[in-house]
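There are 2 protein chains.
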Amino acid sequence: MSEIIDITTALSRLLKADRVLLICHKNPDGDTIGSAGALYHALKNLGKTVAVLCADPIPARYAYMDLTLYTGQFTPGYTVAVDVAGIQLFGDAIAEYTKDIDLCIDHHPSNPGYARSLLLDGEAAAAAEVVYELLVKAGIEITPTIADCLYTGISTDTGCFKFSSTTARTHEIAAKLIGAGAHLVSLNGILFESKSRSRIAIERIALESLEYSFDGRCATIFLTKEQIAQAGAETIDIEGITSLPRNIEGVEVGITIRQQPTGSYKVSVRTVPSVDAAAICAHLGGGGHRQAAGCELLGSLDNAKAALLAEVEQALCKG
Amino acid sequence: MSEIIDITTALSRLLKADRVLLICHKNPDGDTIGSAGALYHALKNLGKTVAVLCADPIPARYAYMDLTLYTGQFTPGYTVAVDVAGIQLFGDAIAEYTKDIDLCIDHHPSNPGYARSLLLDGEAAAAAEVVYELLVKAGIEITPTIADCLYTGISTDTGCFKFSSTTARTHEIAAKLIGAGAHLVSLNGILFESKSRSRIAIERIALESLEYSFDGRCATIFLTKEQIAQAGAETIDIEGITSLPRNIEGVEVGITIRQQPTGSYKVSVRTVPSVDAAAICAHLGGGGHRQAAGCELLGSLDNAKAALLAEVEQALCKG
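These protein sequences, in sequence, are chains G and S.
Counting in this note's numbering, the first sequence runs from 2 upward without gaps.
Counting in this note's numbering, the second sequence runs from 2 upward without gaps.
Wrong hints could be hidden among the right ones.
Since copy identity is lost for identical chains, a pair holds within one copy or between any two.
Below, computed lysine-lysine pairings styled on DSS-like, alpha-carbon distance capped at 27 Å [said to hold, decoys possible]:
#1 K306 / K196
#2 K319 / K306
#3 K100 / K17
#4 K319 / K196
#5 K45 / K306
Bear in mind the hints are in silico, worked out from the structure with no lab data behind them.
Just chain G, same shape as in the assembly (with noise of 0.2 Å):
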């Protein structure tokens, strides 16, 4: 188990340290990525060697962190894991590096204390904000380009302040960022409005198979792995539209039904408060949480719709 530290003394290790090496989590986000840019520019300043080490490529759209990435240029002397829930989210490709961390900076309360000293919020909406704190406590200058890294994990694992994890002091930090000279307007525009084009095939595939049913109460949208192939579609994509068919106005229940490579169907079912997703996933094998749960049904697509409308029409009644 970790030592639990708090800011001042996650601050003065950080001071002491040299030839730091940033740990990112596999399947990088904006969070894992942003927090470990600005903490990278920070200890930069003040001299220090620093480099920035992932399983998995740094996506092109965050390029404007202008990050060293770590290749073996020196031997680490302090390892620090940036919004890393656990151990198994490093990925293989980098295990030699993440046997012994020395900090994990997180604000995930599940975080289970892999690493020798844990630095964690579990009311932060983002590691992005603990290390905002952790900068300012230092009394370290948040440049335009921290900024830059502060405010793209802020923003991006609050979906742009839209998620119920976004409190008060999230809004703080952000106008804080853009008094720094975060460039607001730029981040925006590659963050959030930007798509993928195998996402907008994937939507066309998704909306040209759409179907109402129960007065509009339910919806759903159906995929066959053809469809996927031929989209180009990677599994962020398809993830992605999950959410659209139950974001509809007037439907309870949304449903997304994927054809699987081997033919079986994947469901995914997310439904307001008032439904339960778990129950009617649990009734077909599967489960999950009241308002996001999944199964995986065999057999026709025809028997599929059928078994998962009879639930949804008794979660509908109950709800």
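Dock chain S against chain G, hints included.
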């Protein structure tokens, strides 16, 4: 021309007034309704008689504001226009009440000054920011309902903190409103996650017609008059999708062509900063801003497209 007044003067007049009629602009959006809603509750809590007037119905999604609409229940003693940038935006249906406006509270720098007195902050991202400053100056308690109204105005007028009008002050006010009890999660769900069925229908048609040109640097969508009618799409649905083609990764020029009831083609052009949309449209008899312009074309669709793409090619070469 209006007398230009400051917050203190506006406040003293409002506090002296009674039988206050708060007037929104036609086709009401979250800012005009939210600003009127916040003033409605603040003045009502001070014991005043007050009601809200709008030429068009208030959309059902704003029901949580719990407003009393004006139906002639009192003779107005003081009329206040909120977020109404010009007299033509009131709507003819309420003309008898809009000839002699006592106070206009606005954030549009172009406001011509049609009211007796004008409280204008052209730097504010929303009229609701001006109303917030007014209530704070008055020492009026920001109740959770007032916070909901103001959050609605600010978040909708900034595309949930994404548009270039968003400032540090916008986020600071959002932080205060959350602290005052704004129902962030429920509001964001209502305001930003839900799409109407007609909007979904028009997106489907748009994506089915999507064509890329110039190696994906230009994307075009096309809607026939029959498709628009069949989708039951309103102007607001169609305006909303004009940003769709430009927001695809790699696209520099996004074009929306919609056939008018008369058969002509209304063209909307949206571009990245490096490409001049106004120049594309100017050569076709239209005009507009650098990143958002439009024109109207006659003749066959193929000719219209060819003329447009020729201009796009020119603009891409210069960009």
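Inset, instruction - Determine which of the earlier numbered hints do not hold for this structure and return their numbers in increasing order. - result: 5
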